[in-house]
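Novice: Those sequence lines, one after another, are chains A and B.
Position one of the first sequence corresponds to residue 1 (this note's numbering), numbered consecutively onward.
Position one of the second sequence corresponds to residue 1 (this note's numbering), numbered consecutively onward.
I should point out that these hints are in silico values taken from the structure, not numbers from a laboratory.
Values in this document were obtained by computation on a predicted structure and should not be read as measured data.
Keep in mind that the hints are not guaranteed to be accurate.
Stated by the list, open to error - According to the in silico footprint, chain A covers these stretches of chain B (three or more CB under 8 angstroms from chain A): (1) 66-77; (2) 94-107; (3) 114-121.
Here a beta-carbon is modelled for each residue, glycine too, at the ideal position from N, C-alpha and C.
One letter stands for each residue in the lines below.
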Amino acid sequence: MPPRTGDRDRCVTGIDGLDTILYGGIPRDNTVLLTGSCGTGKTSLALEYLIHGAVSGENSLFISVTENSEKLLMNIIPYKFFDRELIKSGRLVFVDMPAMYERLGMTKAELSMEEIDLLVAAIGSLVKELGIRRMVMDSITSVCYKLKTPEKIRDFILKLSKTLSDLNCTSILVSEVAAQSSAYSTFGVEEAISDGIVLMANMERRGDLLRTLQVIKMRGTMHSRAKYVLDLTPVGVLLVPLLKGGSAGT
Amino acid sequence: MTDSRIAGNVARQLNELPPGSAVSLQMSVDNYLDVMSGVIDLYAGKRDMDTIYVTATISFEAIKRVMQALEIDTSRVYFVDCISHIMMGTAAAQKDEHASLVESPTMLENVMLKVEYLLRRSQSKEKLVVIDSINSLAIHNNSWILSEFLHILVSGLRVKEARTIILSVEEHSTPEIANMVNLVCDSGIRAAKEE
């Protein structure tokens, strides 16, 4: 009987519901677009993915583009499994992208093709140097605003994805979309290049607002395509199936 | 205040149930306190079982007061309160570590999520989930979604070997509600005095 989950090695996210949806986790070395509008839990889920990785002994890197990492850590959910010792020991590393831009002398509003190569190389060096196995960039959308054209965005994501994959790093790129958007990314390019798309959303049903998660695509594995409702709790992200009976939602 | 024979009968029948079982507990409005005493005090309390009490009828605060009046130990009872939020009465729950609020009894997925969270937090070997009551949930939800909710919730609890008790009030019950409960339960208990 052929294996139902493929024979790709898995990066177990540690988020039980998500690992179940993905038949065991994200295929190793994949680059996944985690997309959704604000307040849907993208950053929390991405952070939890890294913390579980760090706890299980995989060096993990969070590249914060939109928010200062100090502030991010101040607002982190009080996870039962999170220990600040993970940061002190270098198992969990936070890097602020604005500092990286500054260090690389990227001060202009728009990055050139050469600067894109330089940025990808700098991220690659960091990943290699620190032995990173899991990476999150939050958000790729903010980086894309510095790239401006679809060609540059495509070039950046393709090169970044290849670099990370070659370094055996399984990565999540957080993408922001407008609340009512039916697209999976702001620039329409990101989703086509990623190995996987996990969509998080706010779904209104008879006046109730539910946080939902749905895996749209994931190369290298079978996966559920159903919509799940999630809660962000101190024991991590919890997921249950969206009830369909009598639903007026979409 | 309570009829100890009814409470005792309820506890005795519950004691015979294996882990992972689901039971429908039918009662009259007049027997509500006897049932509470039987389930929480004589059954779960005696077995050192953590109880997750989903209330859609009255606020957790009111139920807790009743339990305390009945001298029931509430230290192992964790409430999922689906009613306080819609009554704009969240202050007490915010101060009580044993209470989790669900914004509305229509948010059945969030009820499942809170139950799941409390189960994961529980250190107790045996766990009990009480749904109080199916009739109250039926006021806010149509039978399709309620049926689906019960099926998913009870199936998940069975896998975790947690016991489920679904309370229903005879005076407010309908054949549709009875069928819905019977579909997911292994057995039924009717809380009444022995003949």
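Novice: Take the hints in turn and mark each one as holding or not.
Specialist: Each hint tested on the structure:
{"no.": "1", "hint": "66-77", "verdict": "violated (count 0)"}
{"no.": "2", "hint": "94-107", "verdict": "holds (count 4)"}
{"no.": "3", "hint": "114-121", "verdict": "holds (count 5)"}
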